[in-house]
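A.B. asks: Sequences and hints are given; from them, build the entire structure.
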Amino acid sequence: MDILKSIYEVSWFILLIAAGVAALEGYFYSHFKFYARPWFFPAALSVFPALALAVFGTLLGGYSFKLWLYFLLAEAAIAAFFRFAVKGRHTVPYLLLAPAFVGLALLLVYPFVFEVYLSFHDLKLTTIMMWKNTGTLPFVGISQYIKVFTTSPLSEITFWALLGRTLVWTFSNVFFHVLGGFLLALMLNNHIRFKGVYRTLLVIPWAMPQVVAVLAMRGEFHSQNGFVNIIIAKLLAVFPFLAHLGVAPVQWLSDYPLLTCTLINIWLGIPFMMVVILGGLQSISSSYYDAADIDGASYSQKLRFITLPLVRPVMMPAVTLGTVWTFNNINVIYLVTGQSGGTEQADILVSALYKAAFTYNRYSYSAAFAIVVFAMLFFFSVFYLKSFDAAKDER
Amino acid sequence: MSAAAKRKRINHLLIHAGLICFAAACVYPLLRIFSVSLRPGDKLFSTDLSLIPAGATFISYARLLGDTMFLRWLWNSLIITLATSFIGVSLASTAAYAFSRFRFPGKKAGMILLLSSQMIPAGMLILPLFLMIMKLKLMNTYLGMIIAYSVSSLPFSIWILKGYYDTIPRSLEEAALVDGTSQVGAFWRIILPLTTPALSIAFLFNFTTAWNEYLVARVVLFSAKQYTWTLGLFELQGQYITQWGMFAAGSMLVTIPVLCVFLYSSKWLISGLTLGSVKG
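Residue numbers (our numbering), protein chains in the order written: chain Y, 1 to 395; chain F, 1001 to 1280.
By construction, these hints were calculated from the structure, which means they are not laboratory data.
Among the hints, a few may not be true.
Here chain Y is said to cover these stretches of chain F; the calculated rule only asks that three of the stretch's residues, wherever they fall, bring their Cβ under 8 angstroms from a Cβ of chain Y [as the list claims (entries may be wrong)]:
1. 1055 to 1064
2. 1130 to 1140
3. 1146 to 1158
Subject to a maximum C-alpha distance of 30 angstroms in a straight line, what follows is the list of computed DSSO-like cross-link-like pairs (lysine-lysine) [unchecked claim]:
4. Y:Lys147 with F:Lys1135
5. F:Lys1107 with Y:Lys124
6. Y:Lys132 with Y:Lys147
7. Y:Lys87 with F:Lys1107
8. F:Lys1008 with Y:Lys302
9. F:Lys1008 with Y:Lys195
10. Y:Lys5 with F:Lys1135
11. Y:Lys5 with F:Lys1137
12. Y:Lys132 with F:Lys1135
13. Y:Lys195 with F:Lys1006
14. F:Lys1135 with Y:Lys386
15. Y:Lys66 with F:Lys1137
16. F:Lys1107 with Y:Lys386
C-beta: ideal position from N, C-alpha, C; glycine also.
C.D. replies: Quick look at the structure:
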């Protein structure tokens, strides 16, 4: 019965969305088609604001005169825009784009703007009921931003410590992803047997659902039942002298949480780099290597002067992407260190942000935090892409 | 045997050895889950490393399917994911066509918006989406989840599909237009059927993203009946450490189909990924 009910619920919702898309298309189509008619303005201004009020009234807080006035003003602006600027040109592409971009505006741009709004106001557990009922919040200026830099998002760790840890985390992960990926790609890029089998097996960490992979690996780092400590214990039994070198089973999850997360994430991330780099290697024409062989170049010379420069253009976007992904990786850290009561020794910026919002319920604080993180990431990306473009132009 | 051939052989042996080590490291955790899922209830925490444990049994699977709501969780995930992917791919297919075939003011700005949306930290939008869903009174429902997921893969899907449309010669549609079909008709009857491979990649991408999602589900869903499988598995492993066997069984049941689909489609998925990233 439940199954039927859920099918009914979801198909009803999809039909609703289809109707919404149809209404949207009709709305824009009428503006594209009739913008020049003398009755365009009176008709648009009388029909659409009233319709909008009827449809969105309850959602946006009651059928008030004020709301109708807003719709009227908006419609006047849109109608004027269509009449004097668009003039019915490019109808087809805009109609094709409309649903996707309205979706993006509602679920990507609007939340983003809302996050900015939140960061200047004070939303926390004590004010959330007020916000639910009245829709307004106390304005607090930039004090949330000041708090980001002066107080801890969790219980003790500071913003700066988190930033440093995030940089270490990102750098070490990306470094080993690229190193491991490169090594594996070089090995795979030979004429060897079972190449396809190796390739298939090597992408498994990437192909597994991340939640399963991370939780399973977390189990492997368990101090008693985990595979890692079992192997260490067996090694010690066979080679007792290792104990003098400091090799001993450790409490991975409670004593070295960040190291554990890093090891798990390196394991997860190598296959992607490997596949991208392998694609790059396979696109290098063998004639370069033949020519180098005739000149008597050594393996390391070929690697340095042929392989690396030619793989670079394929690798750089993947490295950028990998850096942003690693920087933003909440999944691994959250799944390994658990939620409330978990350790904060492994938290990086984004996971602290998530915990501040949903474990500690400091909504506005975490909004300001998110804006700061976004700004950092944005400047990094712009700067990085610029320098990459500049390097391209030089060549 | 000449010296060069001998060296080559040794090289290949070394490469095989290296690859076998790495491949073992990649596969071993999966095999371990498999082995744990077969263990009888009293041996769950043994330090045994053998692949098929002594007294192997399917009891964990039976208990998982019988005692927990695992099937229900799978069903929840499936329906949310299917609806999300359907909406995402339909919106992306038309938008990508507009970007591929038409020149219009705002085209470049639109493409830049799509690209820069990839820079927004995933965790950043969870809070406002959570508050929106709360305000719409859709907490703990499928609809809330579908709303939260539906556009997350949209920019990437548009990007992939645009790349694919660009490879289809325009002359095909032009011929149809000469024959008197409308622009929309040409898109519907000629372009869409031709792009089935790209559409399925986009669908797959949307599907896996939503299927494996955890963080949004964590904050939107709070009753065990509405959980997606990711939440359910976390619950099995996180809270009751005694349910390790059921966790392993559940992991196997979820992973095997995903793995098959991924390996089957990896060639196309990867070409799509690299295409998007190289151009970006």
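A.B. asks: All hints, please: hold or fail.
C.D. replies: Here is what the structure says about each hint:
Here's how the stretch 1055 to 1064 of chain F fares: 0 of its residues keep a CB closer than 8 angstroms to some CB of chain Y, so the rule of at least three is not met and the hint is violated. Given a C-beta distance limit of less than 8 angstroms, the hint that chain Y covers the stretch 1130 to 1140 of chain F holds, as 6 residues qualify and 3 suffice. Under a criterion of three residues with beta carbons nearer than 8 angstroms to beta carbons of chain Y, the stated coverage of the stretch 1146 to 1158 of chain F is upheld, 8 such residues being counted. At roughly 27 angstroms between alpha-carbon atoms, Lys147 (chain Y) and Lys1135 (chain F) fall within 30 angstroms of each other, so this suggested pair holds.
A threshold of 30 angstroms between alpha carbons decides the hint, and for Lys1107 (chain F) with Lys124 (chain Y) the separation of about 40 angstroms lies outside it, so the pair is violated. A distance of roughly 25 angstroms separates the Cα atoms of Lys132 (chain Y) and Lys147 (chain Y); the hinted pair therefore holds under the 30 angstroms criterion. For the suggested pair Lys87 (chain Y) and Lys1107 (chain F), the alpha carbons sit about 18 angstroms apart, so the restraint of at most 30 angstroms is met. A distance of roughly 17 angstroms separates the Cα atoms of Lys1008 (chain F) and Lys302 (chain Y); the hinted pair therefore holds under the 30 angstroms criterion.
The suggested pairing of Lys1008 (chain F) with Lys195 (chain Y) holds, with an alpha-carbon distance near 17 angstroms, which does not exceed 30 angstroms. Taking the CA atoms of Lys5 (chain Y) and Lys1135 (chain F), the gap is about 24 angstroms. The hint holds against a cut of 30 angstroms. Proximity of Lys5 (chain Y) to Lys1137 (chain F) is assessed by CA-CA distance (about 19 angstroms); at most 30 angstroms being required, the pair is judged to hold. For the proposed pair Lys132 (chain Y) and Lys1135 (chain F), the alpha carbon gap of about 7 angstroms is at most 30 angstroms, so the pair holds.
As the CA atoms of Lys195 (chain Y) and Lys1006 (chain F) are separated by approximately 21 angstroms, the hinted pair is consistent with the 30 angstroms bound. With a C-alpha separation of about 41 angstroms, the suggested pairing of Lys1135 (chain F) with Lys386 (chain Y) is violated against the 30 angstroms cut-off. For the given pair, Lys66 (chain Y) sits about 24 angstroms from Lys1137 (chain F) by alpha-carbon distance, which is consistent with the 30 angstroms threshold. At roughly 21 angstroms between alpha-carbon atoms, Lys1107 (chain F) and Lys386 (chain Y) fall within 30 angstroms of each other, so this suggested pair holds.
In terms of the numbered hints stated before, the structure departs from hints 1, 5 and 14, listed from lowest to highest.
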